[in-house]
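Both chains come to you apart, so use the hints to assemble them.
Residue numbers (my numbering), protein chains in the order written: chain A, 2 to 196; chain B, 33 to 266.
Please keep in mind that the hints were generated in silico from the structure rather than gathered at the bench.
This structure is a prediction, so every number in the text was calculated from the model and none was measured.
Glycine is no exception: its CB is placed at the ideal position from the N, C-alpha and C atoms.
Do not take every clue at face value.
Pairs of lysine-lysine residues, derived as BS3-like cross-links and limited to a Cα-Cα distance of at most 30 Å, are as follows [to be verified]:
no.	chain 1	residue 1	chain 2	residue 2
1	B	Lys-71	A	Lys-80
2	A	Lys-169	A	Lys-80
3	A	Lys-169	B	Lys-71
4	A	Lys-169	B	Lys-235
5	B	Lys-71	B	Lys-259
Simulated coverage check for chain A against chain B, where a stretch passes if three residues somewhere in it have a Cβ under 8 Å from a Cβ of chain B [unchecked claim]:
no.	segment
6	31-45
7	56-65
8	68-81
9	137-148
10	169-180
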Amino acid sequence: MNGRNDPGSGEVSAERLARIRAAKAGRREAFDLLAAEVVDGLYRVARLVLRDNDVAEDAVQETLVRCWRDLPALRDPAKFDAWLHRLLVRAITDEFRSGRRRRAAITLLRLEPTTPDASADVAIREALERGFGRLTIDHRAVIVLKLYLGLSLEETALTLGIPVGTAKSRLHYATDAMRVALEADARPTGREVSA
Amino acid sequence: MNAGRDVERLIADWLVEEAPARAPDRILADAGRAIDRTKQRWFAAAWREPMIISTGRLLVAAAVVVIAVASAGWLGRMSAPGSAAPGSSGGDVSSPSPSASPPPTLESFRAARNAICERALPSARALNDAFSDPYDPGLTQAERSARADRLQDIVDFGIALRAEIAAIPVPPELAAEQTANLTRSEDLQIVLEQEILLLRTGKVSEAQQLDLLTDPINRQAEQFEQKYNLSPCP
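In isolation and in its complexed conformation, chain B is listed as follows (with noise of 0.2 Å):
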């Protein structure tokens, strides 16, 4: 026990000698004109507290988010009897038009999405401000489920945005990627409505864990959008 602490204080005083003093101002300088070039993110991954999760516990939420997102697959094609092939979403919307339009470019598909997304922007703002954390276990069943409430809002939000964003002429090179963007969009929303539900009925740690599911859909959403030198959309 002694000769652990031993160690651990001999590399504390070894970390504190090896550590610069201060940083290169090169640093700050390179940043801010990085940061000039980067507008921020609304409703990114959320910081959550530490939970421990039991590899059961996270393997049952997985499989809820499968089954809801197989199933809202399954309805989306028997309510679109007319839809093309399989495995098409409703965002794929480059069919050209009878008339004479340009075909659309990466850089006519890039400006229409960055003046939706940047619109988005301020109604992002404010329902961001309106929501607070639901997981906190200080809340009143009451309180939490007015939080959820709040959810529910940015998720409506969301639906509404991915209709407008879906409605942009895409590329040919772009159209299978913006489609699966569109799906992974669809599967935030599946995701988060299920979180909703178990908020409203209580089941804190099970939201919490299904949450965590969020992030691999955002950090791949992100990606789509670094890819393609897109605005990041709320």
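If we strip away everything but chain A, and leave its shape as in the complex, we get (with noise of 0.2 Å):
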């Protein structure tokens, strides 16, 4: 649970344990308590990679019903956690190739400074907003987990469905491109220097 972003994932107490067994048995009431203690943990990191209000919330709202009804194909109810979050990666994943990314896109655009802003806190926001709205879903993601929910390399993978080579590859590509992003805008750029 230490330094993580997410309140429901880490140690299973034995009390979540018998809510998710309940839930896995098809009892609705548990499976609403569930819903209630995770919901705001799965928005927040559906928001964060998919930076649109709208398409987050359908991704969040398919992810419950993803839960609900595959619920009971899940072995081990001690990685409840681990199998919601990829459920949540898959259906962001969906979200955003369904024909929504153009609205995803514009949102992105309206969010881009027009003028440059003399606040250097601002300056980096902006020039991380800009370097993370142009890696695709799969490398934000890995941001997320990772660096977010501060997952090891292993339980991103895990999360993910992938070798942890392809995480780490995946989680460096993407810090790289973030960084050069703000080297990016830490230059100065030619008018700037001829004025």
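The following block contains the structure:
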């Protein structure tokens, strides 16, 4: 739990395990409690990866429906959180690729600053936003799972269903791209030099 | 190295700032309404530990399945000389009976199929509860074989269920897709039987790789059910 931004991950208490088992056995009231526990964390991850409120809401809703539908097939309730994040990443990818990406792109464009800001913090945030917006969904997912949720590389790979080496190379590529965006922002433009 | 960590810390701090505090209430409400209309599935794609899968190994696994499916199809045709055109499977049961029963419709097919699938759920639940992860590295071979036996029970259950579904009269507009779906179910059975064989001989990673091939088959079956608003079948 320490250093993580997701209250649903980490050690699974006996009470939570019992709730997961009850939901797995088809008890709707147990599932509703479980959903209420995890919805904020799911939304934070979806919103961070997708950068669009509406698409993130759809992705979380779809994740909860799939969670209910497929929960009986989860063999080990102790792995519920990793399994749930995997469902979320799949739903995020599906939502992004289901023709809504144009809307997300428009939102991103709207967030782009039209004039440079004097504040260094704001400039860094804008550079991060631009760099992140240029990443693919797969790369954004690795960044959010690893750097926001604080999952280990092994846990990130498990969540994404990819080998650890692939998770590592995606993280390397994504952070490198973000660093380039930051450096590009810090570099003075030709116009600034001549001014 | 340090520069990389600095960037990571910068990104992590930015993500914390950017993250919304909580989800809008309507998500739970909307999801709840959708869940009211959603039945739980049994034997959905299983949650697996990640594996390092070499392309070569995956190709070998895929080749095993292709050969097994092709052989099964060839044997099926050989053992049914009176069967219809090549490529048709035993699932196409849309031929009308000589009596004056009404022609099947999508509604009658859906009702019959849903009844079979819903009736099967309690047994599916019991089988699912009896089954547990056969890939656990801590298992002895005897324990793994016992878990493979439970997987065989699930396969046998699926075969019986498929036979019941195949006997439902199918409306002409659905015949091709229903046949394809039954063929997918046979493919799934072949993959799982190969997997069981590998588990019983201690070839755990090969079995686990083979299990990955069930994902696309399950997804296609799910798409068929969603397209025609059919209850999920275990």
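Cross-check of the supplied hints:
Simply put, Lys-71(B) and Lys-80(A) have alpha-carbon atoms about 22 Å apart, close enough for the 30 Å limit, and the pair holds. Between the alpha carbons of Lys-169(A) and Lys-80(A) the distance comes to roughly 22 Å, so the proposed pair stays at or under 30 Å and holds. Between the alpha carbons of Lys-169(A) and Lys-71(B) the distance comes to roughly 37 Å, so the proposed pair goes past 30 Å and is violated. Between the alpha carbons of Lys-169(A) and Lys-235(B) the distance comes to roughly 28 Å, so the proposed pair stays at or under 30 Å and holds.
Among the hinted pairs, Lys-71(B) with Lys-259(B) is consistent with the structure: their alpha-carbon atoms are about 16 Å apart, no more than 30 Å. Counting residues of the segment 31-45 of chain A whose C-beta sits closer than 8 Å to any C-beta of chain B gives 9, which meets the bar of three, so the coverage hint holds. Against chain B, the segment 56-65 of chain A contributes 4 residues with a C-beta closer than 8 Å to a partner C-beta. That satisfies the three-residue criterion, and the hint holds. Against chain B, the segment 68-81 of chain A contributes 10 residues with a C-beta closer than 8 Å to a partner C-beta. That satisfies the three-residue criterion, and the hint holds.
Counting residues of the segment 137-148 of chain A whose beta carbon lies closer than 8 Å to any beta carbon of chain B gives 3, which reaches the threshold of three, so the coverage claim holds. With 3 residues carrying a beta carbon less than 8 Å from a beta carbon of chain B, the segment 169-180 of chain A meets the three-residue requirement, and the given coverage holds.
Comparing the model with each numbered hint stated earlier shows that hint 3 is the single one that does not hold.
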